[in-house]
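One line per chain: the protein sequences are A and B, in this order. Numbered per the numbering used here, the first sequence finishes at 134, counting up by one with no gaps. Numbered per the numbering used here, the second sequence finishes at 122, counting up by one with no gaps.
By construction, these hints were calculated from the structure, which means they are not laboratory data. Given the structure is predicted, the values throughout are model-derived calculations rather than measurements. Cβ atoms here follow ideal geometry from the backbone N, Cα and C, with glycine treated the same way. Any given hint could be a false lead.
[As the list claims (entries may be wrong)] Among the chain A residues that face chain B by a calculated CB cut under 7 Å, a handful are:
#, residue
1, Leu64
2, Leu109
3, Glu122
4, Gly126
5, Gly128
6, Thr132
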Amino acid sequence: DTEVTQTPKHLVMGMTNKKSLKCEQHMGHRAMYWYKQKAKKPPELMFVYSYEKLSINESVPSRFSPECPNSSLLNLHLHALQPEDSALYLCASSQLPRGRNTEAFFGQGTRLTVV
Amino acid sequence: AQSVAQPEDQVNVAEGNPLTVKCTYSVSGNPYLFWYVQYPNRGLQFLLKYITGDNLVKGSYGFEAEFNKSQTSFHLKKPSALVSDSALYFCAVRDTIKAAGNKLTFGGGTRVLVKP
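Bound-form chain A, shown alone (with noise of 0.2 Å):
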């Protein structure tokens, strides 16, 4: 099983609500990453959790939360998001960086649109 699950796929919000979005993977790795990509861009890095605990964060905004509750699960929680943050949300996993099986899987992305 080489999958990445997210949910919800679509998700609408307006700029007071709070949403989270889900990220599982049973692949048994210990590496779990948020990525942010606009339409027509490349995904963008936002954080990257190792061993469940929080290893970069690039300078998100604070309305930004991730959380990492067991080594299957990645949440980002979302609050008082702006109309820019509207993108596409990638959730990806992979190995530790030892030895050659490095590459990330990705799930299949929240597309997310603040109103």
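Got chain A sorted already, so can you dock chain B onto it with the hints?
Okay, now just chain B, sitting in the frame of chain A:
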């Protein structure tokens, strides 16, 4: 800092013709390079990777890539393109921060359009 560049925003090719998508890289140390494909409103699918070893890497769906150290290139190729290969292709380089996971830096992407 590691980086990759994809010089072409779009590549048009007729079905059955060879397809090449270009990528050049700039890294310190040994390069860890990847190709991903993205279909509309979908996530990224892994195609292939170069870590070390043979300069010709074979991947999924009939794709292959040629690593050229002297030209710092990692071009993606397919001998005979299909209409279903029409998609957005990303080259990426891995920046490893030990015990902190892989940080992938992507090129700008190349849109491939295969015409029947």
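Index of numbered hints that the structure contradicts, given in increasing order: Violated: hint 6 alone.
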